[in-house]
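Listed here are the chains, written in short residue letters.
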Amino acid sequence: MLFAVLAGFIVSILYIPFGRFLKGKLAGLAALLPISLFAYFVSFIPAVSDGQRVTFHQPWVPSLGINFDFHLDGLSLLFSLLITGIGSLVFLYAAPYLRGHRYLDRFYAYLSLFMAAMLGVVLADNVLLLFIFWELTSISSFFLIGFNNDNAASRKSSLIALGVTGGGGFLLMAGLVLMGHLSGSYSIQAMVETNEYLKNHVLYGLILLLVFAGAFTKSAQFPFHFWLPGAMKAPTPISAYLHSATMVKAGVYLLARLYPVLGGTDYWTYPLIIIGGITMLYSAFHSIFRTDLKGILAYSTISALGILVFLIGIGTPQSLLAASVFILVHALYKASLFLITGVIDHETGTRDITQLAGLRKVLFPLAIAGLLAALSSAGLPFTFGFIGKDLVYEATLHTDGVMPIILTALAVVTNIFLLYAGLLAGLKPFTGQLPDRYQRIHLPSLLMWAPPLLLALLGIAFGAFPAIADASLLNPAASAMINKPIDTPLKIWHGFNLVLLLSGLTLALGAFLYLMRKPSASGLDWIERFNNLSPKHVISQLTHYVRHFAIRYTRTLHNGLLRVYLLRIVVFATLLLAFRLFAGGNIYLLPGYLTPLSVYEIAVVCILIAAIYLTVTSSSRLTVVVATSVIGYGMCLLFVFYSAPDLAMTQFTIDTLTVVLFVLVLFRLPPFLNFANRGARIRDWVVAATFGAIITLIGIQVLNQSFDDAVSKFYGDNAYILAKGKNVVNVILVDFRGMDTLFEIVVLSIAAIGVFSLLKLKLKASEKE
Amino acid sequence: MKSTILNTASSYLLPILLLFSIFILLRGHYHPGGGFVGGLIASIAFVLHSFTHGTDDTLKLLRIHPGVLIPVGLGLAVLSMFAPVLIGDPVMTGLWFDEPFPVIGLIGSALFFDIGVYIVVVGVVLTILFTISQYSE
Chain A
262 MLFAVLAGFI VSILYIPFGR FLKGKLAGLA ALLPISLFAY FVSFIPAVSD
312 GQRVTFHQPW VPSLGINFDF HLDGLSLLFS LLITGIGSLV FLYAAPYLRG
362 HRYLDRFYAY LSLFMAAMLG VVLADNVLLL FIFWELTSIS SFFLIGFNND
412 NAASRKSSLI ALGVTGGGGF LLMAGLVLMG HLSGSYSIQA MVETNEYLKN
462 HVLYGLILLL VFAGAFTKSA QFPFHFWLPG AMKAPTPISA YLHSATMVKA
512 GVYLLARLYP VLGGTDYWTY PLIIIGGITM LYSAFHSIFR TDLKGILAYS
562 TISALGILVF LIGIGTPQSL LAASVFILVH ALYKASLFLI TGVIDHETGT
612 RDITQLAGLR KVLFPLAIAG LLAALSSAGL PFTFGFIGKD LVYEATLHTD
662 GVMPIILTAL AVVTNIFLLY AGLLAGLKPF TGQLPDRYQR IHLPSLLMWA
712 PPLLLALLGI AFGAFPAIAD ASLLNPAASA MINKPIDTPL KIWHGFNLVL
762 LLSGLTLALG AFLYLMRKPS ASGLDWIERF NNLSPKHVIS QLTHYVRHFA
812 IRYTRTLHNG LLRVYLLRIV VFATLLLAFR LFAGGNIYLL PGYLTPLSVY
862 EIAVVCILIA AIYLTVTSSS RLTVVVATSV IGYGMCLLFV FYSAPDLAMT
912 QFTIDTLTVV LFVLVLFRLP PFLNFANRGA RIRDWVVAAT FGAIITLIGI
962 QVLNQSFDDA VSKFYGDNAY ILAKGKNVVN VILVDFRGMD TLFEIVVLSI
1012 AAIGVFSLLK LKLKASEKE
Chain B
227 MKSTILNTAS SYLLPILLLF SIFILLRGHY HPGGGFVGGL IASIAFVLHS
277 FTHGTDDTLK LLRIHPGVLI PVGLGLAVLS MFAPVLIGDP VMTGLWFDEP
327 FPVIGLIGSA LFFDIGVYIV VVGVVLTILF TISQYSE
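Sequence order for the protein chains is A and B.
Okay, so the first sequence: first residue is 262 according to the working numbering, each after it adds one.
Okay, so the second sequence: first residue is 227 according to the working numbering, each after it adds one.
Treat the hints with care, since some could be wrong.
To be verified - The following label-pair restraints were derived from C-beta to C-beta distances:
id : chain 1 : residue 1 : chain 2 : residue 2 : range
1  : A       : H607      : B       : I290      : 39 to 47 Å
2  : A       : N965      : B       : H257      : 27 to 35 Å
3  : A       : S1018     : B       : F249      : 29 to 37 Å
4  : B       : N233      : A       : A413      : 51 to 59 Å
5  : B       : I290      : A       : S1018     : 17 to 25 Å
6  : A       : N965      : B       : D282      : 53 to 61 Å
No lab work stands behind these hints: they were computed from the structure.
Beta carbons are placed, not taken as given, at the ideal position from N, Cα and C, and that holds for glycine.
With these hints in hand, go ahead and build the complete structure from the sequences.
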């Protein structure tokens, strides 16, 4: 299973050297990866529907509790199948859609990366592992949304998406760490066992807040929803993949996954119902004013996500089953509609709903797909959407108190708008009179029209024969959420009851709305007038102010004068150290324990003092460089005297190289001038003397502390036994604290890249002049 | 720099210093030394050569740009960290051959990590210094 998750990462790396061979006609071969993964996950269906759970364990960083723990139950399986199944179709579809695109290889690399990250999210059992994959989905979706990187709007929306989801991820991490810390294990399955403790803990509210922040930003819940319509700047296959089955469902998945750990309390239920309710209504209402096909789909997607959050909030077994059915329903019809939109855009060059009509004559198979998808989204009987919608109403009706009336009303109104939006996207472009300018359009390649048709047909097949999916997939998914087996077969026909009445009402009103209301630009103008109040506007204003503050701050504190920086750093450090020193209790002015001075030490110290004097007083730069290097070598000698050969060697080589560096830079400097006036000099003297005095005092204090040698004793004792090395310093560097060393060399590399790129950039600019 | 003695000496010093740096690198696990110091000494060897022969000559001698060494070294260090995962141990477990090799001594994953550090240090120092020196010329 580890390989199944990592396969996408491996493939995306392989695209770097081999990608250019897969740009032409072979591009569709990329789909082999998701197809084989899909087959792999399909093979788990029998086991999972029997109630088994497949687990996988591989230690990664056991000391921090981070392990490759994967856990496959009904919920994970449902998502894995969606990710790989719709992924396969999108991979196939994108080959003709982006044929001849300059960065087709890059596209598939990002897509594989993203798919692997999504699989990681839904399969991970360790919350920290889940978080890592979660962030990877944010990052890889940033690449995907900004795929048209020569378009400024596209770059901006990808940044917004990354900002919103990344910010939420940051909070989510805090929440997950808190959960792991309190329950004593980072495994979700273990947390399920100790859920009572978590729910009664003082910090429960905080955990919920942090987790909700992560889920809401990812799943585009109000007021964080605005990144999703912006993300429509991506090529349509990406939108189809991100917004139907994967990225935005990750937040929903997280809530569903953590339901057995955190869910079921009032603190869980009400925020989710309220936010989910606002989101579903707000964006369903917005969707009917859009004229861009992708805009309609974007807002109806947000609305569907709202419904899912809402259902998980209600938290009854019925509502959770409704949620898992609706996840599948929505994924099928929404992916289909997105892919249809992609073909329309590709062939006609427009997505404006007021321009498109009569396309059934030229794009017949797509018209069927559009019709079926629209029917499923409308929830007509014998479509899968019908079952989904029934279950939603069923769930809202079976809540306590006055809730049923309000919640059901909310759901009905939302569904009416959604129905209208679905018909607009799936039906409207294909009906009516075909304009002359579209007469010569012809059907694109099979790979482009077959996937949406297949998805739409599946929506009908599951609707007519719900037995295919319910016991094998959907009941296990819901039972994974409530952590006990449920077995509620899905039915096409519930008899004449209130639910059927509501369904009929939804259909009638939605159809009425569709027939009466024509989409127009004036409607869009009307809704745009409220833009100033929208969360997007507020947040973009906020970023504007933050940027201004940052510019001011930078101009004041980072004015580019090295001497000012140095002065500030030293003064600040002095103040901090002095505070700690004088607030820390007794101050000793004389070291408690002194070794007798040797002649060598006195000699070295004299040399050091002479070199320092020369450094401060000389007016020749070369002299100063030589004098400072003398100081460095003097320090080396001191290290040698106090038996620290490793330190001495390193210091010696570093000093040599520093002199070389200085000499190289000196050539470029203007002649030496002394700008400092008398006042500035006195100030510098005072600062330097205070700093020196403080450091000396601290040194003396350190000598007076009783020295705890437990750590050094451990290293000394175990260097040979555990790491087979006799040089303790080196063993610490490459073995005990190897991770630190790795980060240090990474930092070094960044420094080198920085110097290289800065200077090379400069070279080119001067060449232009 | 115009100095016949230094000029001649640096041609001989380059291989000697490089050998010395490798010696320092390999003995690091038992005696003072290690990848970091070894890398610095190797860089000094090349820097000395560039002082007398010019940066361009040294780059020609290297054949590859020193910047290329950075990803190579980082890759080696990371690989040596993750190698234990392949046989089911956690990351950064020290793996060692049972028998010491002639001349080198015991070989383990930590040695490869150290070699990675060595390569990165050479790459970083030479990239910085050569970039600046070319800029200065």
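Verification of the hints:
Hint check: H607(A) to I290(B), Cβ distance near 45 Å, so the stated range 39 to 47 Å holds. The hinted range of 27 to 35 Å is satisfied by N965(A) and H257(B), whose Cβ atoms lie roughly 34 Å apart. For S1018(A) paired with F249(B), a C-beta distance near 34 Å keeps the hint of 29 to 37 Å intact. The given range of 51 to 59 Å is respected by N233(B) and A413(A), whose C-beta atoms sit roughly 55 Å from each other.
A beta carbon spacing of about 18 Å between I290(B) and S1018(A) agrees with the range 17 to 25 Å that was offered as a hint. The hinted range of 53 to 61 Å is satisfied by N965(A) and D282(B), whose Cβ atoms lie roughly 56 Å apart.
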